[in-house]
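With chain Z held as given, fit chains F, C and L onto it using these hints.
Chains as they are written, first to last, in the working numbering: chain Z, 1 to 411; chain F, 1 to 411; chain C, 1 to 411; chain L, 1 to 411.
Some clues are possibly wrong.
Stated by the list, open to error - The calculated label-pair distances, taken between Cβ atoms and stated as ranges, are:
| # | chain 1 | residue 1 | chain 2 | residue 2 | range |
| --- | --- | --- | --- | --- | --- |
| 1 | Z | Arg-102 | F | Ala-389 | 28 to 36 Å |
| 2 | C | Tyr-284 | F | Ser-66 | 43 to 51 Å |
| 3 | F | Arg-125 | L | Phe-185 | 34 to 42 Å |
| 4 | Z | Ile-292 | C | Ser-66 | 51 to 59 Å |
| 5 | Z | Arg-304 | L | Ile-299 | 58 to 66 Å |
| 6 | L | Arg-355 | Z | Ser-130 | 52 to 60 Å |
| 7 | Z | Asn-337 | C | Ser-66 | 33 to 41 Å |
Unchecked claim - BS3-like, lysine-lysine: derived pairs with alpha carbons at most 25 Å apart:
| # | chain 1 | residue 1 | chain 2 | residue 2 |
| --- | --- | --- | --- | --- |
| 8 | C | Lys-351 | L | Lys-143 |
| 9 | L | Lys-358 | C | Lys-351 |
| 10 | F | Lys-143 | Z | Lys-351 |
| 11 | C | Lys-358 | L | Lys-351 |
| 12 | Z | Lys-351 | F | Lys-351 |
| 13 | F | Lys-351 | Z | Lys-358 |
What the hints contain is simulated information worked out from the structure, not anything from laboratory work.
For every residue, glycine included, the Cβ atom is placed at its ideal position computed from N, Cα and C.
4 protein chains.
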Amino acid sequence: MISIKDSVHDHIEVDGVAEALLDTPIVQRLRRIRQLGTVSYVYPSANHTRFEHSLGVYHLADRALSNLGIEGTNAARIRAAALLHDTGHGPYSHNLEDLVYRQTGRYHDEIDDLLTEGEVADVLRDHGLSPSAVADLVRGDGKYGQLVSGELDVDRMDYLVRDAHHTGVPYGTIDTGRLVRELDFTEGELVLGEGNVQTGESLLLARALMNPTVYSHHVARISKAMLRRAAEGLLRADATDAWELRRMDDDDLRVALRQCGETAEYARRLDTRDLYKRAVWAEYDVVDDELIDADHDTIREYEREVAAEAGVDAEQVVLDVPSRPDIPESTSRVVVNGQVRRLRDQSTLVKAVMRVQKDQWRLGVYAPRDVTEQVGHAAESVLGLDLDALVSDIRGSRTATLDEFEEARDE
Amino acid sequence: MISIKDSVHDHIEVDGVAEALLDTPIVQRLRRIRQLGTVSYVYPSANHTRFEHSLGVYHLADRALSNLGIEGTNAARIRAAALLHDTGHGPYSHNLEDLVYRQTGRYHDEIDDLLTEGEVADVLRDHGLSPSAVADLVRGDGKYGQLVSGELDVDRMDYLVRDAHHTGVPYGTIDTGRLVRELDFTEGELVLGEGNVQTGESLLLARALMNPTVYSHHVARISKAMLRRAAEGLLRADATDAWELRRMDDDDLRVALRQCGETAEYARRLDTRDLYKRAVWAEYDVVDDELIDADHDTIREYEREVAAEAGVDAEQVVLDVPSRPDIPESTSRVVVNGQVRRLRDQSTLVKAVMRVQKDQWRLGVYAPRDVTEQVGHAAESVLGLDLDALVSDIRGSRTATLDEFEEARDE
Amino acid sequence: MISIKDSVHDHIEVDGVAEALLDTPIVQRLRRIRQLGTVSYVYPSANHTRFEHSLGVYHLADRALSNLGIEGTNAARIRAAALLHDTGHGPYSHNLEDLVYRQTGRYHDEIDDLLTEGEVADVLRDHGLSPSAVADLVRGDGKYGQLVSGELDVDRMDYLVRDAHHTGVPYGTIDTGRLVRELDFTEGELVLGEGNVQTGESLLLARALMNPTVYSHHVARISKAMLRRAAEGLLRADATDAWELRRMDDDDLRVALRQCGETAEYARRLDTRDLYKRAVWAEYDVVDDELIDADHDTIREYEREVAAEAGVDAEQVVLDVPSRPDIPESTSRVVVNGQVRRLRDQSTLVKAVMRVQKDQWRLGVYAPRDVTEQVGHAAESVLGLDLDALVSDIRGSRTATLDEFEEARDE
Amino acid sequence: MISIKDSVHDHIEVDGVAEALLDTPIVQRLRRIRQLGTVSYVYPSANHTRFEHSLGVYHLADRALSNLGIEGTNAARIRAAALLHDTGHGPYSHNLEDLVYRQTGRYHDEIDDLLTEGEVADVLRDHGLSPSAVADLVRGDGKYGQLVSGELDVDRMDYLVRDAHHTGVPYGTIDTGRLVRELDFTEGELVLGEGNVQTGESLLLARALMNPTVYSHHVARISKAMLRRAAEGLLRADATDAWELRRMDDDDLRVALRQCGETAEYARRLDTRDLYKRAVWAEYDVVDDELIDADHDTIREYEREVAAEAGVDAEQVVLDVPSRPDIPESTSRVVVNGQVRRLRDQSTLVKAVMRVQKDQWRLGVYAPRDVTEQVGHAAESVLGLDLDALVSDIRGSRTATLDEFEEARDE
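The shape of chain Z in the complex, shown without the other chains:
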């Protein structure tokens, strides 16, 4: 058994199969994948990695298992899955997921390739565990998969407190001790035990406050969109392919962008924080359903149209359309007076949080600072947006009010 010092959970004791997995290359690679991707452009302290997060998830899983009295092979599988749950991520965490998926047809589930062959599979088998059973848990399948990837999984418990610790934004400070202690299985469902409506609410509210302040801060979204566009440039220039791209670490990607002529300008902008600005920042109800559901090629087509209309280069317009608002934790189950209920049916606050997701949703069009005005007008026209005003007009009434800490000279 080894003991690892963690800035969030203090000492994490790792043994058995987890100890053996720690030294495998796909786990060590997580040391070089930032947990929050481009969020460090907003919160400069947010440089923590998927590696320490994975240790934290392992630790919380371990405590939950101990409270639930789960032992033996099931417990070993869950511990392994907790440590491995993020090994499938590409560089810059979620930032490039869509991109890789479009090219490879694999989304998240290359996890099978990673876990069922090679060194990790050997280690798992050496400890009497079936690699495919562990991969199932990582995907959230089965009763115990809920602990690793579900509405009440230990993944989000770790990332909320860890992201709070490293960004300095206190909203994610949940009571992980209580949450882990109150997890229970009722009729095969992972639930919070009696007396924990509020415990469940606190988890959702933490996410509801962290979301616009941290995860969807507009500067993080802009830099993420630029990074995605740059990575597409790499693929287009045949500097890499999607299969290779998804196994890069953050170092590889940064350097590849610098070394490829077609992406060097993006690299320069990202390296010097010379980011695009918002030309449009539009609320949910002024955006057509068709646009929200548009596929990748259609969005690229819109970008070209907007650029043409504005008289700028196509690379100078980035259209960023988030998926429809959703809040998976709202289906968390909690026991109330002996019956299992969904949190969203039980809690007025949770219902409100679901509505808030829609209020906070924004479509963004980004462009270099000196062309935001013409790009804004062009986008308004091409995308059929009925805006009261452009972002460039002193934060017009359809624009965001979410301008949290910016480190920032942006609109």
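Leaving out everything else, chains F, C and L in the frame of chain Z:
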């Protein structure tokens, strides 16, 4: 200038009139008034006092003034009011307020007596300040009174983080730095500046989560209700009068209860945490409006009736009816797109929090453990409550689900 | 099993004999004994109690036992002893120990009376534990007594972090997780395992820094000396006796001082922080051995002489002579290259800390502010001190340089 | 003015010349230089960067200036120097300093090139500041240079608390508020004001405890030595030159090592934490002075000899000889009884810390795990070390006892 080390704000620098006020007996007395009254029966670390809280409020006021650019006499008055704002509290903080008010006809506003005569008035005048102007600020009057006692006052900013620090419950961890920095005056109203809907929301959500978990935890309410009944016993026995009672500190009250024969049993119970238990714990919609609005004498009458019906001594029944749900922060103002708006009109979350207050409201009837069942039945009948089940019946469906950390073997 | 939320260790789970002991009056009394006595005159946030500390000690003992693999009766006894270890304290913690001892002949070890009869003894026996065996552990007797009261006991691990948390002084922030994990028994001695010289050093250095900054801050010493003198007044006036005094809680003592005519002036001074000031603050090497070793009656005699010489009332001179410098943790054992060694033989830092104790030692003479000068001169002469200058002469060279955070207008 | 959220100091407000400097490429590059180089192999949370540290140093400088009453051009220069003080660092912080120095003849002071020409120089001049005057401050020259780079500089105040926050090791938790408040200039020297011997001691003790636990942990030293050897390989293979190397960021270096055939094996080992182990770990007094003072070429020669003697490849032996023990803070000045004194003359503890540096000094010889034994014997013989035992012999008596948290399966 002196520098005082605080466990929450680190160093607090105190000078001018505040430094002179620090040594007055009515400020020093706050060292012996617990901030959270009987909450330490639930959270044993919660022994912080009104004195350190008052220093914290002074500190946040000072920082807000500096950000707002307020100087001179107005600033000095506000600093004095911030330090003095709690000097009117009786022992055990809010626990005895109603009681003292009923007897003295003074509620909160004995503050005039305290500040406009005696040593404090002398100190204020020595520093060129009008005692009655400072008293006005403590009561929240006028433009600047909003900073000391209003929806966005620095009082609640301090107590949320301080109570979180000392209870160990993380929900109160708000971003005081940002809040204080974003305060502004627009058309004479204290508001949060542009881009701070979420900042305002975070303040309300912190209260919404701290409320049932800490401030209104049933064990805190039970012990508070017992303390109030005991204090009434002191008055009835002429062991003290309301004027004297309200100037006691916590030490005085504890010892007075022990020394008076009629209250010795309450003192024993409070000293040994041998508290009453819930016989009834009823939701808002099963309680008649008449009962919610009943005055003190009527409630005492109900208690006697319930006791008679249950065949127990009148001192063994405590009826605890909170005031109607309310959430003052919801009227906080925030600037959105250049216009001042009320937070509750702007925020879906805040509307939800207002509804939640009602969901969380509970009427309680408390009794010694061995008679909760007969007292429960009697209360159900006398008070006309339509309960699905009593608390003694395995947490029946009309009972609370708020049973947070209890230190506790209670129902 | 119950779970108690603690501001330092988060959740503390209490069960078995400890859960049953929690509700006994002598444990509940600890809620009303401040952990740091009069230190809150210097650090206003330091209002934590012996009760929460006792829970913390129980918690660390529990974790140490789990790491050491100790189970069964021995473990249950140690847990009980950890929770009970402070029940023998009088009001205001250590402040009155000497006083009570002189009168009762019992020092610390009235613990036998408390644990071997009455409710606690019954609870212990109900759980199959011998009360006298538990009392032995509290006194630090036997192999396992070292865990509860010894150089490496969990008592000091808890109080260092707890006092740091509540005072805001960071020096006590040790790594309790590592300390508890590295405890081991070698040849019947409690030691820190291989590779932990530094772990041991960190514990001593934490104490070495907390000592002058917190525990022996001159304002804490002055108020403690005044409180002791006041308590003697109570005894002299027959307002109480030593047996009763030692079972008071802080509330009782404060009120008793107010109610007794002979101590009312001390009570007023303590209630309003109108404390004596230093008239003399003398280093170790200018104080005669005879004076350092003087007994209580001799010291009272000196006080009277100084008062007479200075022409002031005897109650206006307080002579405060600490015991000789000592540092018990320095005999802590640690394993180095397979051999058990004493930390002080192994660590240059520890040797230095031992010397520092002497450097920091100070004899104090205290008096009301307006007579410090004449009392200073009188004390210099009566006590035969060869001072370069009095405290009143701009911090003369024989005076302290330890004037940490004062909240303070003192010399 | 902008406000940046920091995980250590909360809000950092940046304006004037500092705000303008923030966006320059040489400052933005610091986002990609880890503060603690290879320490994250021991403490996986330690991924914080020179960028956030530079903001922290700026912040503490700003507070110190405000306390010292320094304004105008001097203050602006100091703020600029604080923000820029680390821009001269190569990749992986201090890890490659010697290497670059040997090749370029520039050590630390390429700072002149960086600050006195190009964009930074333009920004400085635009704000009326002389670039060379700012460069002087960065080098610690002149009265005010002491604030930026001296025994009491704000640099070390920031890194101690920041490294503690991110590693989770509490020893660095100093009281920055007090330190910054107590800085003063006396006769042109930066000192701690009267009453701060302990404040100064706490700074040194924090370093004394962080040093072996964090900064010189053997796993951090091994990985640093491997990285240095790998970087030499890059130069030898002409994959880069020293001038280019020193302006790389961490990403560039990692990828360059992977892309160069001669360093690919080092890259693989570093990427997968397949690190060398200690073959020798020798105390100060068994190492010849000649060896301690050996220059780079001599050390390489020794390595080759040891490898030949052990029959292994030259790349498999790494000899790591730290410079002689030193403790710059010990010359810190503090005012005692009105006179400026050096802390080491005043404090027994500081003298002890100086001796401890020597106790903790270790010469290391590292090799792949499977050849440590033969390399150990060869090194013992070639280097003339009189060891009691090799590291491979159960932690022989001349080996370290400093094996703190390892994340680690190393000797």
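We went through each hint and held it up to the structure:
With their beta carbons about 56 Å apart, Arg-102/Z and Ala-389/F fall outside the hinted range of 28 to 36 Å. The supplied range of 43 to 51 Å is met by Tyr-284/C and Ser-66/F, whose beta-carbon atoms lie about 45 Å from each other. Distance hint check for Arg-125/F and Phe-185/L: the Cβ-Cβ separation is about 39 Å, which falls inside the suggested range of 34 to 42 Å. The supplied range of 51 to 59 Å is met by Ile-292/Z and Ser-66/C, whose beta-carbon atoms lie about 54 Å from each other.
The given range of 58 to 66 Å is respected by Arg-304/Z and Ile-299/L, whose C-beta atoms sit roughly 60 Å from each other. Look at Arg-355/L against Ser-130/Z: about 57 Å separates their beta carbons, and that is inside 52 to 60 Å. In this structure the hint that Asn-337/Z and Ser-66/C lie 33 to 41 Å apart at CB holds, the actual value being about 36 Å. Of the pairs offered as hints, the one joining Lys-351/C and Lys-143/L is violated, with about 36 Å between alpha carbons and a cut-off of 25 Å exceeded.
Under the criterion of a C-alpha separation no larger than 25 Å, the hint pairing Lys-358/L with Lys-351/C is consistent with the structure, at around 15 Å. For the suggested pair Lys-143/F and Lys-351/Z, the alpha carbons sit about 36 Å apart, so the restraint of at most 25 Å is broken. Pair hint Lys-358/C plus Lys-351/L holds up; C-alpha atoms about 15 Å apart against a cutoff of 25 Å. Pair hint Lys-351/Z plus Lys-351/F holds up; C-alpha atoms about 11 Å apart against a cutoff of 25 Å.
A hinted pair counts as satisfied when its Cα atoms are at most 25 Å apart, and Lys-351/F with Lys-358/Z qualifies at roughly 15 Å.
Hints 1, 8, 10, counting from the list given before, are not met by this structure.
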